[in-house]
Amino acid sequence: MFAGDQNGLQGDPRLKAISEAIRVVPHFPKPGIMFQDITTLLLDHKAFKDTVDIFVDRYRDMGISVVAGVEARGFMFGPSIALAIGAKFVPLRKPRKLPGEVISEAYVLEYGTDCLEMHVGAVQPGERALVIDDLVATGGTLSAAIRLLERAGAQVVECACVVGLREVKGQHGLNGKPLYILVEPRQQINCSAPPVNGVETCRHDDLILGGNFGSPVNTTSKSD
Amino acid sequence: MSAYRDKDPLIHGIQSKIRVVPNFPKPGIMFQDITTLLLDPKAFKDTIDLFVERYKGKNISVVAGIEARGFIFGPPIALEIGAKFVPLRKPKKLPGKVISEEYILEYGKDCLEMHVGAVEPGERALVVDDLIATGGTLCAAMQLLERVGAEVVECACVIELPDLKGRERLNGKPLYVLVESR
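From first to last, the protein sequence lines stand for chains F and S.
So in numbering that gives the first Met the number 0, spot 109 of the first sequence is number 108, and the numbers just go up one at a time.
So in numbering that gives the first Met the number 0, spot 83 of the second sequence is number 82, and the numbers just go up one at a time.
Extracted from the complex, chain F is given alone in its bound form:
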């Protein structure tokens, strides 16, 4: 569900400011991908604080004792939420980063597979957990995160992302777990340059791009 669809947050100007603070970088990490760059959100103290506050307001009374953040951008949002709601923070990491005993969950990428790990003993059976990441694309990473927590006996209450599409496409579907998203990905780069010959052009960094962005096959891509 989208934050902006909820009572109380409809038309909330904070959501608009959060969306506009996110930079769109075309053709990263590869051609055709419009990368939703949240680092510019982190540069805007008010918008970053509002992002955390909106999540905290939603989760503070849900009896959540675990916030699990997906490496690496989940680490930028998860700990602040955990601290505010009195929960522990559990990092979910790429292989061989966590020392000591871990459990691993493989997940499918566009080409090949990857793996997410969690410490044994970080989460107790029966704990109520939130999974947090910056963005959801196909849901493959979030699904792996959910499986790790459930294997440890925790109950995943919800997955929370700053950016995501209205429908999580792809085969993963988050195992039926609810998904809470603040803003949709944008396809347009912020710019005020006038169109040339009727075609939108944007100056972004040193690139001058022309043409019709239309409906790219992949508007979002999940990388860490």
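Be a bit skeptical, because a hint or two may be false.
Claimed, not checked - Computed cross-link-like contacts, DSSO-like style, restricted to lysine-lysine with a CA-CA straight-line distance of at most 30 Å:
| hint | chain 1 | residue 1 | chain 2 | residue 2 |
| --- | --- | --- | --- | --- |
| 1 | S | Lys89 | S | Lys55 |
| 2 | S | Lys25 | F | Lys93 |
| 3 | F | Lys15 | F | Lys176 |
| 4 | F | Lys93 | S | Lys96 |
| 5 | F | Lys15 | S | Lys92 |
| 6 | S | Lys55 | S | Lys172 |
| 7 | F | Lys29 | S | Lys91 |
| 8 | F | Lys96 | S | Lys91 |
| 9 | S | Lys44 | F | Lys96 |
| 10 | S | Lys89 | F | Lys29 |
| 11 | F | Lys48 | S | Lys92 |
| 12 | S | Lys108 | S | Lys91 |
| 13 | S | Lys57 | F | Lys48 |
| 14 | F | Lys29 | S | Lys92 |
| 15 | S | Lys44 | S | Lys57 |
| 16 | F | Lys96 | S | Lys57 |
| 17 | S | Lys44 | S | Lys55 |
| 18 | F | Lys48 | S | Lys41 |
| 19 | S | Lys55 | F | Lys15 |
| 20 | S | Lys44 | F | Lys93 |
| 21 | F | Lys45 | S | Lys91 |
| 22 | S | Lys164 | S | Lys44 |
| 23 | F | Lys15 | F | Lys29 |
| 24 | S | Lys89 | S | Lys164 |
Claimed, not checked - Here chain F is said to cover these stretches of chain S; the calculated rule only asks that three of the stretch's residues, wherever they fall, bring their Cβ under 8 Å from a Cβ of chain F:
| hint | segment |
| --- | --- |
| 25 | 37-49 |
| 26 | 133-139 |
| 27 | 147-158 |
FYI, nobody ran anything at the bench for these hints, they're computed from the structure.
Ideal Cβ positions, reconstructed from N, Cα and C, are used throughout, including at glycine.
Given chain F, put chain S in place with the hints provided.
What follows is chain S alone, placed relative to chain F:
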């Protein structure tokens, strides 16, 4: 400067939550694992509060955190002191234009990157990581910030390994740590 020398009772609580994992990532290394600290909400909050108390009101506008464990401590500090958070990342992770700084590892080299335009000249910056060992990564982080004209006010880490003398690699910049591990 080390908070440890002040014998703050909070420090003992924080230190007791850090798990030492022997022979990780390779034999002979006693790895200082801060994830167990993150599992204790009070100790984690105390950690952040100690840094916030030190840096609030010092006109610091940038908190730069080193990938990946610096991303866990840096943002909560930045949010509390009213600063922006700037992630310093391994190569090819940041989209768009970046500047890079190489640094020496025990075997070989690595590289840290920062977004062009994230930091303005004259900004006062804090560098945050979970731990300082040899100081190589922190040094590269400071270089990135200074190259864009920022002033690095201090480096802040939860843990210092003083035997590795990382403090001496910081070009005279002050280092503040909560816990020393020998």
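We went through each hint and held it up to the structure:
1. S:Lys89 to S:Lys55: holds, 29 Å
2. S:Lys25 to F:Lys93: Holds, at about 18 Å.
3. F:Lys15 to F:Lys176: holds, 26 Å
4. F:Lys93 to S:Lys96: Given that 30 Å is the threshold and the Cα spacing comes to 25 Å, the pair holds.
5. F:Lys15 to S:Lys92: holds, 26 Å
6. S:Lys55 to S:Lys172: Holds: Lys55 of chain S and Lys172 of chain S sit about 19 Å apart, inside 30 Å.
7. F:Lys29 to S:Lys91: Holds, at roughly 12 Å.
8. F:Lys96 to S:Lys91: holds, 19 Å
9. S:Lys44 to F:Lys96: holds, 24 Å
10. S:Lys89 to F:Lys29: Distance of about 18 Å is within 30 Å: holds.
11. F:Lys48 to S:Lys92: holds, 24 Å
12. S:Lys108 to S:Lys91: holds, 15 Å
13. S:Lys57 to F:Lys48: Holds. Lys57 of chain S to Lys48 of chain F sits at ~19 Å (cutoff 30 Å).
14. F:Lys29 to S:Lys92: holds, 12 Å
15. S:Lys44 to S:Lys57: Distance ~20 Å between Lys44 of chain S and Lys57 of chain S Cα, so the pair holds.
16. F:Lys96 to S:Lys57: Distance of about 34 Å is beyond 30 Å: violated.
17. S:Lys44 to S:Lys55: The hint holds at about 15 Å.
18. F:Lys48 to S:Lys41: Measuring from Cα to Cα gives roughly 21 Å; hence the hint holds.
19. S:Lys55 to F:Lys15: holds, 29 Å
20. S:Lys44 to F:Lys93: holds, 25 Å
21. F:Lys45 to S:Lys91: Distance ~28 Å between Lys45 of chain F and Lys91 of chain S Cα, so the pair holds.
22. S:Lys164 to S:Lys44: The hint holds at about 28 Å.
23. F:Lys15 to F:Lys29: holds, 28 Å
24. S:Lys89 to S:Lys164: Cα-Cα ~24 Å, so holds.
25. 37-49: Holds: 7 residues of the segment 37-49 of chain S have a Cβ under 8 Å from chain F.
26. 133-139: violated (count 0)
27. 147-158: Violated: only 0 residues of the segment 147-158 of chain S have a Cβ under 8 Å from chain F.
The structure is inconsistent with the numbered hints 16, 26, 27, although it conforms to all the rest.
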